[in-house]
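Counting from 613, one number per residue, gives the positions in the sequence shown under this note's numbering.
Just so you know, the hints here were simulated from the structure itself, not pulled from any lab data. Hints may contain errors.
Here are the simulated DSS-like pairs of lysine-lysine, each with C-alpha atoms no more than 25 Å apart in a straight line [to be verified]: (1) Lys813 with Lys793; (2) Lys746 with Lys654; (3) Lys746 with Lys763; (4) Lys813 with Lys789; (5) Lys654 with Lys677; (6) Lys707 with Lys717; (7) Lys778 with Lys794; (8) Lys801 with Lys778; (9) Lys746 with Lys766; (10) Lys662 with Lys766; (11) Lys656 with Lys721; (12) Lys789 with Lys778; (13) Lys778 with Lys791; (14) Lys662 with Lys801; (15) Lys791 with Lys677; (16) Lys721 with Lys707; (17) Lys766 with Lys717; (18) Lys717 with Lys662; (19) Lys778 with Lys793; (20) Lys721 with Lys746; (21) Lys813 with Lys763; (22) Lys813 with Lys801; (23) Lys677 with Lys746; (24) Lys763 with Lys662; (25) Lys788 with Lys813; (26) Lys763 with Lys801; (27) Lys801 with Lys788; (28) Lys778 with Lys788; (29) Lys766 with Lys789; (30) Lys746 with Lys778; (31) Lys791 with Lys763.
These figures come from a predicted structure and were not determined experimentally.
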Amino acid sequence: MKNRYKVLSNKDDMTWLMIGINLYYARIGGALRAINMDIGEKIKRLRTGKQLTQEELANRCELSKGFISQVENNLTSPSIATLIDILDILGTNLKEFFSEDLNEKITFKQDDMFEVEDEDLGYTFRWLVPNSQKNDMEPVMVEIMPGGRYKEEKPHEGEEFGYVIKGTLTLYMGDKKYKVKKGESFYYKARANHYITNEGKTPVAMVWVSSPPSF
Numbered sequence: 613m614k615n616r617y618k619v620l621s622n623k624d625d626m627t628w629l630m631i632g633i634n635l636y637y638a639r640i641g642g643a644l645r646a647i648n649m650d651i652g653e654k655i656k657r658l659r660t661g662k663q664l665t666q667e668e669l670a671n672r673c674e675l676s677k678g679f680i681s682q683v684e685n686n687l688t689s690p691s692i693a694t695l696i697d698i699l700d701i702l703g704t705n706l707k708e709f710f711s712e713d714l715n716e717k718i719t720f721k722q723d724d725m726f727e728v729e730d731e732d733l734g735y736t737f738r739w740l741v742p743n744s745q746k747n748d749m750e751p752v753m754v755e756i757m758p759g760g761r762y763k764e765e766k767p768h769e770g771e772e773f774g775y776v777i778k779g780t781l782t783l784y785m786g787d788k789k790y791k792v793k794k795g796e797s798f799y800y801k802a803r804a805n806h807y808i809t810n811e812g813k814t815p816v817a818m819v820w821v822s823s824p825p826s827f
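Throw the hints in and build the complete structure from the sequences for me.
What follows is the structure, encoded as structure tokens:
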């Protein structure tokens, strides 16, 4: 299971973490029951909005389907660590989860983007929209060094689109192989195993979009 916990980098994040913990573990009168009801309903709403079944959410969190069902029906309360993990899979965090008045952000700067580099496979992944897992589509910028590749993905629900900005990439879909050059694009339903490689001598740069999010 990958590490989904994020370092809290500023006082604002810490403040919202403490607010979430204090609200979550409130024990005064009927507060806990009311809060648990909100948590269960909100988790279910987020899950269905992501078009995930209880089983799919449970598998991604390495939990049981029964546990997710109990949480959504307010029959049990997840630990704060488990709640953070569930919210991360659903594309949100404690701050957003417990706040009803956050303004929707429309534009994003380079500092908002999150980047991951895999030196072994020779690629860099940059999420262009923070927490895009909660949206209907997930846009990323991908750079692949010569001889590099992105990991193979199994069939899944949804569609993917890519536009090559630089170089020529090779797209493998099942037993088929496609060359996609600079200025060209690809679009497919993810019904077969698929992955991309850079079999050329120059770096590849592309914009890749998955709907629903799957990266």
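**OP:** Below or equal to 25 Å on CA atoms is what counts here, so check Lys654 against Lys677.
**Re:** holds (17 Å)
Original post:
Are Lys662 and Lys766 close enough, with their CA atoms no more than 25 Å apart?
Top reply: Cα-Cα ~19 Å, so holds.
**OP:** Given the hint that Lys763 pairs with Lys662, test it: the Cα-Cα distance must not exceed 25 Å.
**Re:** It holds: about 23 Å lies between the C-alpha atoms, which stays within 25 Å.
Subject >> Holds or violated: Lys788 to Lys813, with C-alpha atoms at most 25 Å apart >> reply: holds (22 Å)
Original post:
Are the Cα positions of Lys766 and Lys789 separated by 25 Å at most?
Top reply: Judged against 25 Å, a Cα distance of about 16 Å means the pair holds.
**OP:** Quickly compare the C-alpha distance for Lys746 and Lys778 to 25 Å and report which way the hint goes.
**Re:** violated (29 Å)
Original post:
Taken at face value, is the distance from the CA of Lys801 to the CA of Lys662 at most 25 Å?
Top reply: holds (17 Å)
**OP:** Assess, step by step, whether the Cα of Lys813 is no farther than 25 Å from the Cα of Lys763, and give holds or violated.
**Re:** Distance ~20 Å between Lys813 and Lys763 Cα, so the pair holds.
Subject >> 25 Å Cα cutoff - pair Lys791, Lys677 >> reply: violated (41 Å)
**OP:** Assess, step by step, whether the Cα of Lys763 is no farther than 25 Å from the Cα of Lys801, and give holds or violated.
**Re:** holds (18 Å)
Original post:
Can the restraint linking Lys778 and Lys791 be considered satisfied, given a maximum Cα separation of 25 Å?
Top reply: Between Lys778 and Lys791 the Cα gap is close to 13 Å, so the pair holds against 25 Å.
**OP:** Would you mind confirming whether the straight-line C-alpha gap from Lys746 to Lys766 stays at or under 25 Å?
**Re:** This hinted pair holds, its Cα atoms lying about 21 Å apart.
The structure is inconsistent with the numbered hints 11, 15, 17, 22 and 30, although it conforms to all the rest.
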